[in-house]
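Enquirer: Chain A is already provided as a structure; the job is to place chain B with the ligands on it using the hints.
Residue-level listing of the chains:
2 protein chains.
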Amino acid sequence: MMKVNVCTDKKTYDVVIEQGVLNQAGSIIEKVAPASRYMLIVDEQVATHYLESFLQTFTQTAVHVSVVPSGEQSKSFAQYERLLNDCFEYQLDRSSVIIAFGGGVIGDLAGFVAGTYMRGISFVQVPTTLLAHDSSVGGKVAINLEKGKNMVGLFHQPELVLYDPQLLQTLPEKEWRSGFAEIVKMAFIADRDFLTWLEEEVDSLTSIEGESLVRMIERAVALKARIVQQDEQELGIRGMLNFGHTLGHAIEAELGYGAVTHGEAVLIGMAFALKLSERKHNIDLASDRYIAWFQSLGYTVQIPSSLEITDLLSQMMKDKKARHGTLHYVLLSALGKATIEPITAEELVAELTVEKGGH
Amino acid sequence: MMKVNVCTDKKTYDVVIEQGVLNQAGSIIEKVAPASRYMLIVDEQVATHYLESFLQTFTQTAVHVSVVPSGEQSKSFAQYERLLNDCFEYQLDRSSVIIAFGGGVIGDLAGFVAGTYMRGISFVQVPTTLLAHDSSVGGKVAINLEKGKNMVGLFHQPELVLYDPQLLQTLPEKEWRSGFAEIVKMAFIADRDFLTWLEEEVDSLTSIEGESLVRMIERAVALKARIVQQDEQELGIRGMLNFGHTLGHAIEAELGYGAVTHGEAVLIGMAFALKLSERKHNIDLASDRYIAWFQSLGYTVQIPSSLEITDLLSQMMKDKKARHGTLHYVLLSALGKATIEPITAEELVAELTVEKGGH
Ligand SMILES: NC(=O)c1ccc[n+]([C@@H]2O[C@H](COP(=O)([O-])OP(=O)(O)OC[C@H]3O[C@@H](n4cnc5c(N)ncnc54)[C@H](O)[C@@H]3O)[C@@H](O)[C@H]2O)c1
Ligand SMILES: NC(=O)c1ccc[n+]([C@@H]2O[C@H](COP(=O)([O-])OP(=O)(O)OC[C@H]3O[C@@H](n4cnc5c(N)ncnc54)[C@H](O)[C@@H]3O)[C@@H](O)[C@H]2O)c1
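Sequences listed follow chains A and B, in order. Per the numbering used here, the very first residue in the first sequence carries number 1180; after that it's consecutive. Per the numbering used here, the very first residue in the second sequence carries number 1180; after that it's consecutive.
Chain A on its own, in the form it takes in the complex:
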């Protein structure tokens, strides 16, 4: 059984990654996170595929189920309130445990419910998307304001994460692209060997499976765990995780959330940041080769031509880390090594103009 142990200042827990682990998930959860009763919060898509078989693996404890509509719009106050009322209706108490069964949306939403019901009860994550390698480590849980993504939340660490890569078989291809982009990001900022391995191993997103898939997820989880452990409250190096995100977020916001997946937008941001790193540091990061690889995997790497540079810039300047017209931008000093550097609005406009003109 492949395990990554995550140590936080409040709690230590395992991320178990194993093909077919869903078949024993209930009994593992009953052992590692025993409870008076469970409430399973499940994505509706995931429920159609896997709910019945998952429920059958619980042998001792009552499991109440709340199904949540698929999609980002479920990270809302309405769903949050509804689920808390469900907790109360099902008579959950401080010794009950919430189980999040779905992608990042369900993990964030169910984690926030668990973190605030009766001032915090335990929860377990059973992720079902590739992106969840990221969302299930670090303890960030959140819902959205109508105008601000992830603006309301907490740090609340799970008791256990049970990751069954077989569940990814039913994941739509664009969700594979979204998740894989964040895995590549992890390699770019922190692990050159992993980057090399990925480039060799992955020539199509539909062909990653079996032990390679387990290994890939395990490596990404371990990298994320290492970074957040070093910086649990997001004061310093955790910022490296924003590689590709400054522009990526701006693209998402300008196109309207949902038009591209988060990872697809981040990938455009990474392609830009790669080139920017080369120019600013006067180094060769083989950006053209990586960009060709991205394209061969089905990604768009250009900034969508419908977007105006000035609009992107003003989105970027809303970033939490922007101060007085200067952004703290994540760049690479080498493959596998990120730095965070100030970059002015003028520089950005110039670079964006080169990029947009260049395609």
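By construction, these hints were calculated from the structure, which means they are not laboratory data. Incorrect hints may have been included.
For chains that are exact copies, the list does not tell them apart, and a pair is met inside one copy or across any two.
Here are the computed lysine-lysine pairs in the DSS-like style, where the Cα-Cα straight-line distance is at most 30 Å [stated by the list, open to error]:
{"no.": "1", "residue 1": "K1210", "residue 2": "K1497"}
{"no.": "2", "residue 1": "K1353", "residue 2": "K1210"}
{"no.": "3", "residue 1": "K1328", "residue 2": "K1190"}
{"no.": "4", "residue 1": "K1459", "residue 2": "K1190"}
{"no.": "5", "residue 1": "K1319", "residue 2": "K1516"}
{"no.": "6", "residue 1": "K1497", "residue 2": "K1353"}
Expert: Just chain B with the ligands, lined up with the frame of chain A:
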């Protein structure tokens, strides 16, 4: 300046209790909890009396104001969401500070907003009720589910509490009764000398003022602080704070929230628990004298005759600490000394029958 220092495992902060401190509140807050900007969340009643003069004491920093309707029904999801949207509209960031200006309702609500906006920003409490000696210490913040009080919340400690007893001049008498009941409770469970002092000093709730009032609040705050410091996560002795509350909560719930104040209901519970302690421990706690004192202060001490014992009992059995028909009940082993003891449903019915019959 009278100060109580509160040490928690996350933070150390002062509760400053001083007549007229509101006149310098802004500048003290600017010093102790400096911020990029403030958002002041204020009770509408409190706003009519004190908002203008409070705002004038800020000299350097922008203060945005959100007014909240008075009363328990404001501890709702609707107000919570509205205030979080206000935070976003006012562009609060991680270096902003929320100020709660009102009684326990505002402290709990604003504290929960602060605890979850951007995964937690700082907050300051400026309490305006007598009961706030209790609600402003301990870090519990919460809102209500429609059917469950304080079911959603967190622990989130303030940076500072600034308590100006002069603000209590405008507090309605029933709110004095509510707050004073919790002060008496603190004395009963943990400080016999304080109890003696209270009994000598207080022969009418309208006559407590000046240095006596400051001293009384200071003592109550210090006692609460000592108890929660010893037990921040409410695992053990913090349970003593529930003296009078098991029956009190049941009475509140049966009468419908708002029919009596929380403290008035708790006082009935304390009168009951005093007598129960005498009978169970075969000791003399001068319950008749205390009950006469309560009545002289304007309290009702009898269980309202409209309430059925069976209904009260089933409310009490909903208590978080009830297990298999047995409650953990806070009793006194002596004046100033609480114990927590199991008591069965049958015993309770018998005792309640004696009490209700006896009046
Ligand atoms: N907490 C964190 O640290 C963190 C990190 C990254 C992202 N996130 C959050 O995660 C969210 C995105 O997560 P996501 O990409 O997993 O999205 P998601 O949870 O919305 O899942 C994507 C889509 O795939 C479907 N789906 C999920 N699993 C499936 C399966 N096994 N088979 C078939 N369909 C399946 C879902 O119904 C949904 O339509 C965002 O809200 C983001 O803010 C959080
Ligand atoms: N967090 C905790 O540890 C804790 C402890 C005890 C109680 N509480 C909570 O506190 C709440 C009750 O607090 P409360 O009794 O302070 O109630 P409150 O905040 O509702 O205030 C009582 C009433 O007095 C008015 N008021 C407040 N200050 C005034 C002033 N100076 N002049 C005139 N009017 C004034 C208010 O408008 C309100 O109508 C409950 O929701 C309870 O759950 C929390």
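Enquirer: None of the hints should be skipped; say for each whether it holds.
Expert: Quick rundown of the hints versus the structure:
1. K1210 to K1497: Intra 45 Å, inter 28 Å, cutoff 30 Å: inter-copy only.
2. K1353 to K1210: neither (35 Å within a copy, 51 Å between copies)
3. K1328 to K1190: Both, since 27 Å and 29 Å are each at most 30 Å.
4. K1459 to K1190: Answer is neither; intra-copy 40 Å and inter-copy 42 Å both fail.
5. K1319 to K1516: within (24 Å within a copy, 42 Å between copies)
6. K1497 to K1353: Within. Shortest intra-copy distance 27 Å satisfies the 30 Å Cα cut-off; inter-copy 48 Å does not.
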